[in-house]
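*Asks:* Respectively, the protein sequence lines represent chains A and B.
Under the numbering used here, the residues of the first sequence are numbered 1 to 468, in order.
Under the numbering used here, the residues of the second sequence are numbered 1001 to 1264, in order.
Careful: at least some of the hints might be erroneous.
[Claimed, not checked] The calculated DSS-like cross-link candidates involving lysine-lysine, where the alpha carbons are at most 30 Å apart (straight line), are:
| # | chain 1 | residue 1 | chain 2 | residue 2 |
| --- | --- | --- | --- | --- |
| 1 | A | K376 | B | K1133 |
| 2 | B | K1215 | B | K1205 |
| 3 | B | K1259 | B | K1205 |
| 4 | A | K295 | A | K203 |
| 5 | B | K1225 | B | K1215 |
| 6 | B | K1141 | A | K381 |
| 7 | B | K1133 | A | K404 |
| 8 | A | K295 | A | K221 |
| 9 | B | K1259 | A | K325 |
| 10 | A | K376 | B | K1259 |
| 11 | A | K376 | B | K1106 |
[What the hints assert, rightly or not] Residues on chain A that point at chain B, a partial pick, calculated with CB under 10 Å:
| # | residue |
| --- | --- |
| 12 | P83 |
| 13 | D351 |
| 14 | R358 |
| 15 | K368 |
| 16 | D369 |
| 17 | K376 |
| 18 | P377 |
| 19 | K381 |
| 20 | A382 |
| 21 | R383 |
| 22 | K387 |
| 23 | Q452 |
| 24 | D456 |
[Stated by the list, open to error] A few chain A residues that don't get close to chain B, going by computed Cβ distances all over 12 Å:
| # | residue |
| --- | --- |
| 25 | E52 |
| 26 | I53 |
| 27 | M66 |
| 28 | G108 |
| 29 | N164 |
| 30 | L198 |
| 31 | T277 |
| 32 | D297 |
| 33 | V302 |
| 34 | D310 |
| 35 | H394 |
| 36 | A395 |
| 37 | Q449 |
Don't read these hints as lab results, they were simulated from the structure.
For each residue, glycine too, the CB sits at the ideal point set by N, CA and C.
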Amino acid sequence: MPVSARSLILTLALASSVVLGHVARAEYGGDGGILPAGTELDDEFSTTQPREIFKSEAMQGSKSYMVRLGDMAFSSPSLLGGPARQAGISCDTCHINGTNNARLFVPGMSTVPGTFDTTGPIFNPRADNGVQDPVTIPSLRGERFQAPYGHDGRFTSLHEFVRNVIVNEFAGTEPSPEILDAVVAYIQDIDFLPNPRLDLNGKLKGTASESEKRGEALFSKPFTHDPNLSCAGCHIPSGNFLDHQQHDVGSLGSFKTPTLRNANFNAPYFHDGRYATYDQVVIHFDRMFYLGLSKQDRDDLVAYLKAVGDGQEPTVPDNVDIRMKEVRDFLSVLDTAIPAHNAPVIAMTQDTVGGELRDLAEGFPERKDQTVTGGKPERAKARAAIKEMVLALHAVGAASDAGKFDQAGVALENFRAVMAESVPVIKLAEPWSIYNPEVRAARLAAFRQLYQAAIDPKVVVRRMDPDE
Amino acid sequence: MTSVSRLNIGFPLRAFGWFVLAGIAAGASAAPVDPGIAQFKPFVVKGVGESLASARKMRDSIAAHDLQGAQQAWLGARAGWEQAEVITDEFFPDLDDAIDSWPNGKTGFHSIEARLFGAHETDSLAQADELVKNLTYFDEKLKSVTLTQQGLLNGLTKLAYEVGENKADGGESQFAGTSLADMIANVDGIRTAYKYVFAARLKSKDPVLAATAEKDIAQLGAVLKAPDLKSLDADALLSDSEDLAATLQAAAAPLGLTKPALGD
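Between the sequences and the hints, there should be enough to build the whole structure, so can you do that?
*Replies:* What follows is the structure, given as structure tokens:
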């Protein structure tokens, strides 16, 4: 699920208190603060979320238990440790619905939105390399095709890579084999968005424009100064635009070739997010490899990249229905875990679904939040209904903790009954919730105003600029 | 449909409305004063009185551009307020809005907090004046308001849930960094109200549940004995607050009250 405004503020508070020190806690207010344009506090805060499609659903009509368990664990802060857990950050915070979070910006840990320093001091001091070297948050669409893993490609196994993120980068405890297998199963099930403009060999179909066709030809054309090289030599169209190799393309190191499929939704580009657009990427390669491209050539290549990087229906609306669907999906894990007396999975599910529900409740401004004045009784009822669900779910976890799994099963049925009664109440209040773009904008404006009021003009925080 | 605007809560134009609403929300009546409530009320009256005294000091310090003095006084004013939260939501909802509005606080504690603790400026005299006015009004009305068992059980239950819900992660007082102190004051309020108003009666009706309630309150208090917010066991806090909220809901029936809803 998309990170909520509340989660964002907490993330920032956490980051600033740890990295910037107490004096700078208020230095994140959008304009004039240290949050650059393009972050969650922008006016354009989206009322959509990335669409997630699964191979198993497409082929079998439903996801397996392991994929559903992995999906739930991916959204569980309890998978991570220390400050991440405390701040309610999960894998899904950065990889929203298994994609990237182009708006994530943590002061001191990001250079531009969509980047994050995984070897910084916040989440695991032992992993701190003492250098501010954020990397882009990659989309995991089609990840099963994209070995090796990590920007530098140092992991051949997705299992090893995921374990490293949990244990080393985010100081989580060693995940159980079941949970690690499940997270990997989930990631491997996330598909690319379909792109009807490409054939099975990654070639543009006949409907392509002249500019796109010229771009495709240029893409495969050997470089003038080194005929052994071409764009398509590394981004192999028939292989999801990958060669599974690492290359030094003049970005201070050797990094693995990223896929171009669905790349329209994966900005910023390069391992450190130094480029925001395809135009900048093409200019980089033109200069680095002395390609001698004309303006027309560059435009054609960009047109081609946009055609290749497209995908059908990249987003879906963010609303109560889709959030409740996720709750039901996660909850379905309990149908297997309770009869199996799998207490750790029951506890993680309670924690994760409870978090999702609390986040949902935050979407209905409470009485003391005056950004929306309408629907006061409806909002109060919706918040109450969601909290009742949290307490009903708490009963499931409490029974499991006590080893009373039959009772946990009964509590689960009760939770589902409470949920069935609650959903219409919650839906009724939706027009006065942040799922209404007008309310969402007003609420974010209130946060901006609060944080701008707290800016100390005497405290200057240097904004990191990758071009410096 | 949606109406997005900010309330401009004035004083004393809305004062009468507050009082009427307070009576309706809490089910005020001419019934004899409950002896437990009579014992509890001085606790909250004292807290609000201390909050008001500190708020006055804060206003004077702001007027004198004494930043440190104003910050200290803000902290003092906050503590008494947080103890009183067990009754504010149920009995003084509009005052609660004016005094503790968040995040869009043009009035109240948080608007002043942002300037004093974030911007390190003493330029919030108008807001401080208004806070003193609102707390003065609260202090006066509190003395005459009729607290009810139902209203108090509602307030206790909501606050028990709220402590776990949004206070462990930075809470509302992010600039002053008082969230741990806020939670401790909240639980003090819960503990005191439970002790005077409900403990004996619940023990006579359902001793097992009464023991559970006392254990839950003790656990919640224990988890808050952390040196700082960073060291707080957020998982335990969440679990303990949910335990207590559920127990208080369950206590409604043996106490002959309606199960508290968990709204705002």
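*Asks:* Hint by hint, say whether it matches the structure.
*Replies:* We went through each hint and held it up to the structure:
1. A:K376 to B:K1133: Holds, because 26 Å separates the two Cα atoms, which is no more than 30 Å.
2. B:K1215 to B:K1205: With Cα atoms ~17 Å apart, K1215 (chain B) and K1205 (chain B) stay inside 30 Å; holds.
3. B:K1259 to B:K1205: Satisfied, since the Cα-Cα distance of roughly 16 Å is no more than 30 Å.
4. A:K295 to A:K203: holds, 24 Å
5. B:K1225 to B:K1215: holds, 16 Å
6. B:K1141 to A:K381: Cα-Cα ~28 Å, so holds.
7. B:K1133 to A:K404: violated, 54 Å
8. A:K295 to A:K221: holds, 17 Å
9. B:K1259 to A:K325: holds, 29 Å
10. A:K376 to B:K1259: Between K376 (chain A) and K1259 (chain B) the Cα gap is close to 21 Å, so the pair holds against 30 Å.
11. A:K376 to B:K1106: With a Cα-Cα distance of about 20 Å, the restraint between K376 (chain A) and K1106 (chain B) holds, given a limit of 30 Å.
12. P83: holds, 8 Å
13. D351: Hint on D351 (chain A): holds, closest Cβ of chain B at ~8 Å, below 10 Å.
14. R358: Cβ of R358 (chain A) sits 6 Å from chain B, so the hint holds.
15. K368: K368 (chain A) check passes; min Cβ-Cβ to chain B is 5 Å, inside 10 Å.
16. D369: holds, 7 Å
17. K376: holds, 9 Å
18. P377: holds, 9 Å
19. K381: Nearest chain B Cβ about 7 Å off; hint holds.
20. A382: holds, 9 Å
21. R383: Result: holds, 6 Å to nearest chain B Cβ.
22. K387: holds, 4 Å
23. Q452: holds, 9 Å
24. D456: At about 5 Å, which falls below the 10 Å cut-off, the nearest Cβ of chain B leaves the hint on D456 (chain A) intact, so it holds.
25. E52: Holds: least Cβ distance 27 Å, greater than 12 Å.
26. I53: holds, 32 Å
27. M66: Non-interface label on M66 (chain A) holds, nearest chain B Cβ at 25 Å vs cutoff 12 Å.
28. G108: holds, 17 Å
29. N164: The claim holds: N164 (chain A) sits with its nearest Cβ about 24 Å from chain B, beyond 12 Å.
30. L198: For L198 (chain A), whose nearest Cβ neighbour in chain B is about 42 Å away, the distance exceeds 12 Å, so it holds.
31. T277: holds, 34 Å
32. D297: About 49 Å separates D297 (chain A) from the closest Cβ of chain B, which puts it past 12 Å; holds.
33. V302: Answer for V302 (chain A): holds, closest chain B Cβ roughly 39 Å.
34. D310: The claim stands: D310 (chain A) keeps its Cβ more than 12 Å from every Cβ of chain B (closest is about 34 Å).
35. H394: violated, 4 Å
36. A395: violated, 7 Å
37. Q449: violated, 7 Å
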